[in-house]
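Heads up: the protein sequence lines correspond to chains A and B, in order.
Residue numbering for the first sequence follows numbering that gives the first Met the number 0, beginning at 0 and increasing consecutively.
Residue numbering for the second sequence follows numbering that gives the first Met the number 0, beginning at 0 and increasing consecutively.
These aren't lab readings, by the way, just hints derived from the structure by calculation.
It cannot be assumed that every hint is accurate.
[Stated by the list, open to error] Straight-line distance between alpha carbons at most 27 Å, and here's what the computed DSS-like set of lysine-lysine pairs gives: (1) A:K10 / B:K152; (2) A:K65 / B:K152; (3) A:K10 / A:K40; (4) A:K40 / A:K65; (5) B:K141 / A:K40; (6) A:K10 / B:K141; (7) A:K10 / A:K65.
[Claimed, not checked] Which chain A residues stay away from chain B? Per the calculated CB distances, all over 12 Å, these: (8) Q17; (9) K40; (10) E45; (11) T76; (12) I77; (13) R78.
Quick reminder that beta carbons are idealized off the backbone N, C-alpha and C, glycines included.
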Amino acid sequence: MTRVVVDVMLKPEILDPQGEAVVNALPRLGASGVSSVRIGKRIELEFAEGTDESAMQEQATNIADKLLANPVIEDFTIRLTDQAEPTG
Amino acid sequence: MSPRIGVVTFPGSLDDVDAMRAVRLAGATPVPLWHDDGALRGVNAVILPGGFSYGDYLRCGAIARFSAVMETIVDAARGGLPVLGICNGFQILCESHLLPGALTRNQQLHFRNRDQGLEIANAETAWTSAFNSGDRIVVPVKNGEGCFVADQKTLDELESENRIVARYVDGNPNGSQRDIAGITNAAGNVVGMMPHPEHAVEQLTGPSVDGLGIFTSVLTYLGATTA
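For reference, chain A alone in the conformation it holds in the complex:
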């Protein structure tokens, strides 16, 4: 297991203009029933093979808190995974 996935989302109370733009475009697509869109970011951190799991967790949390997310406006979650996730 060498991969940590960090998901960063704007806090619910922060306006997401990108999401608003998308939700406003949906009717033009013929899509109905979607009342809200929020757009976030996924970051994958690859650690060297054999890195200790708790060390990975701790480092990833530190990296996410200090650099990948701005805790003033964003929340983040961290999860360890043992394989590349399908992106398509």
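With the hints as your guide, set chain B onto chain A.
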């Protein structure tokens, strides 16, 4: 000897030369500072200019916060050094936690570039003493991520402690909460503002010369503190 005012150049800074020019027109000596060098070269104040530090690839100002020069500036600012962050510089000050809140994508999503009316709300900071509270000025604004946000408690504190330095008037270009265009720290030596006073220091190239007051203010402040 005229005060030495440092202007930091990060990779991607755009307005460092304009800021140095404004410093010179105000009567001080501009001193170029480099992002990768923590030395402050004996400067009496520092300006973080506009632009796109380190490409703003992650978040505006997020990478600049970890530069060698910012490590030094954060300590010096906590010790009282006057620091002005303009546009990207304001974003860097928020990311460095020298100022509260954050700058997010403009509410209308559009990059805004226009001459902007401002009301000076606090004329007692190191960078605004040349004005009177309530003065209206016009300086250019140009940003894509200039929407100031903070939680309600922080916004209330900023208001009650008179730490809102400038407000947008005649239209809010980016959706900033409570029309905030600039704020200061509790001590009044660190100021961040989204609009660009350094682009309004000469009649030929700016909409006014209102911006010059920002740069002469710090000279008065330094004169007063060294006298």
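Do the hints match the structure? See the list:
1. A:K10 / B:K152: Roughly 16 Å between the alpha carbons, so the hint for K10 of chain A and K152 of chain B holds.
2. A:K65 / B:K152: holds (23 Å)
3. A:K10 / A:K40: Roughly 13 Å separates the two Cα atoms, so the pair holds.
4. A:K40 / A:K65: holds (16 Å)
5. B:K141 / A:K40: With Cα atoms ~26 Å apart, K141 of chain B and K40 of chain A stay inside 27 Å; holds.
6. A:K10 / B:K141: Judged against 27 Å, a Cα distance of about 26 Å means the pair holds.
7. A:K10 / A:K65: holds (16 Å)
8. Q17: violated (7 Å)
9. K40: violated (9 Å)
10. E45: holds (18 Å)
11. T76: Holds: least Cβ distance 18 Å, greater than 12 Å.
12. I77: holds (17 Å)
13. R78: Nearest chain B Cβ is 20 Å from R78 of chain A, so the label holds.
In summary, the numbered hints that this structure violates are 8, 9.
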